[in-house]
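Undergrad: These protein sequence lines map, in sequence, to chains A and B.
This note's numbering puts the first residue of the first sequence at 1, with every later residue one more than the last.
This note's numbering puts the first residue of the second sequence at 1001, with every later residue one more than the last.
Simulated from the structure, these hints should not be mistaken for laboratory data.
Keep in mind the model is a prediction, meaning the values are calculated, not measured.
Ideal Cβ positions, reconstructed from N, Cα and C, are used throughout, including at glycine.
Any given hint might turn out to be false.
[Claimed, not checked] Below 20 Å or equal to it, Euclidean Cα-Cα: the simulated EDC-like pairs (lysine to aspartate or glutamate) are:
#1 A:Lys44 / A:Glu23
#2 A:Lys26 / B:Asp1111
#3 A:Lys119 / A:Asp95
#4 B:Lys1061 / A:Glu157
#5 A:Lys46 / A:Glu24
#6 A:Lys119 / B:Asp1043
#7 B:Lys1060 / A:Glu156
#8 A:Lys124 / B:Asp1084
#9 B:Lys1060 / A:Glu157
#10 B:Lys1060 / A:Asp95
#11 B:Lys1060 / A:Glu141
#12 B:Lys1112 / A:Glu122
#13 A:Lys119 / B:Asp1111
#14 A:Lys73 / B:Asp1095
#15 A:Lys44 / A:Asp62
#16 B:Lys1061 / A:Glu122
#17 B:Lys1149 / B:Asp1196
#18 B:Lys1070 / A:Glu110
#19 B:Lys1119 / A:Glu123
#20 B:Lys1060 / A:Glu155
#21 A:Lys99 / B:Asp1137
#22 B:Lys1087 / A:Asp107
#23 B:Lys1070 / A:Asp107
#24 A:Lys119 / B:Asp1110
#25 B:Lys1070 / A:Glu156
#26 B:Lys1087 / A:Glu51
#27 B:Lys1060 / A:Glu123
#28 A:Lys72 / B:Asp1111
#29 A:Lys73 / B:Asp1186
[Unchecked claim] Restraint-style ranges between C-beta atoms, simulated for each label pair:
#30 B:Gly1179 / A:Asn101: 18 to 28 Å
#31 B:Gln1211 / A:Met21: 49 to 59 Å
#32 B:Pro1057 / A:Glu136: 26 to 36 Å
#33 A:Trp130 / B:Glu1041: 35 to 45 Å
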Amino acid sequence: MKQMEYLFLFLEQNCVIANNMGEEVKLYKTWSTPFGLRVVWALKLKGIDYESIDEDLSNKSDLLLHYNPVYKKVPVLVHNGNPISESTVILEYIDDTWKQNPILSQDPVERARQRFWAKFNEEKLLPTIWAIFTTEGKDLEEAMAAWVENLKFVEEELKGKKLFGGEKMGLADLVFGWLANLIGIFEEVSGLKIVDERYPLLLTWMQVFSELPVIKETWPPHDKMITKYRALYEKYHPAK
Amino acid sequence: MKAVLGTMGDEVKVFGFWASPFSRRVELALRFKGVPYEYIEEDILGNKSPLLLHYNPVHKKIPVFLHNGKPIAESLVILEYIDDTWKSNPILPHDPYDRAMARFWANFIDDKCFPAFMKAVMGPENEREKAVEEAGDCLKTLESALNGKRFFGGDAIGMVDIAANFIGFWVRIIQEIAGVELLSADKLPALFKWTDEFVSCSVVKESLPPQDKISAAFKARIDQAQTNTRP
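Full structure from sequences and hints, please.
TA: Right, dumping it as structure tokens:
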């Protein structure tokens, strides 16, 4: 009996024991999408075994179009044949379905707070960073001004917290996670300084987040990302 | 509804604007669950109150929901909070997959339907036809979520019905004033029928603004927008 206990303890601590034996989980994403990466982190956090399918967005598979007819986008999570689209919807689904290592606490105020900031990222930060990346001149100036306004609020929110979720990573961290990787890449490719020393808490968060066991070493290959985003940047800023 | 304190000593307040579907969503959810609240009207076109700006410094918008002094902003976030806090008459289903579907459609309404609709009725004239087509496509997609049910929530209203409130009430009024036909019985029979079902719920009826006032308000707004976009 003691040997079995020891064996289980060893396995628990040293291997990923899938918490979804007998259930089929598939994730449709691409090699680079930050939206898909959020879902990877959530599944990893909860020890869920899944099959990963990387799509070529210039040639979307019939299955992807079948599973997400409304948006035709990645990521899509398919659980026992049932598809779920939209990354934040997927994250909440994962949290509702597998109860270990919650990404949202049970406290309604806390849940609302993290949902609010997740929305803020989607509706404010993402469009603004896209504008920064793709525009120049006066449009870029305006985008930068909006970005500074947005970051002020984010910095304020981090006061007194290790992570957006508090002591542990939560929904808001997963949603903001792209910052910890893509800001560096965008800065390298554009030559712009996008998150500077005015935001010490955010800069610290980016480091702390990247070092978390679930997040560590999950970023897409750096060189491949530079190549991809350099090409995209040049598309929007053709050399004169 | 002027009750200031409900049972259990809860203090519940809603900062809203009489014509806004977004603050009406919050009121509808509270009424549906029988939660007493105090309503505070904000003059969003003129002068937002210091209190509103204090409670929602990030967006400076209504609705703001206040529960025992704690503010929450963003109507869909508020709806989830209300469902998390008051367990009677749930607005989200119990099953995780059904919950995911409800969240998906509520987000679709805000991310796609609402902007498409606003563009169709208030956008520039030269883009009107395309905007109307896109709005029609959005509504057709949303209609598929009904799937033969009486409400998006099934036998009773749920979060998606509440989120779709502007389609249930505002769209039919506004499209007539704007002179576009987006939602009609022959184009979108199931969705059209749903709008009738929706507004005939007593709890919905209680939480809607007067039709003539909405007509007048939007007529003024559309006239203004058309003046601004004339070449």
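Undergrad: Under the constraints set out in the numbered hints, which ones does this structure not fulfil?
TA: Structure breaks hints 2, 6, 8, 10, 11, 14, 15, 21, 26, 29 and 30.
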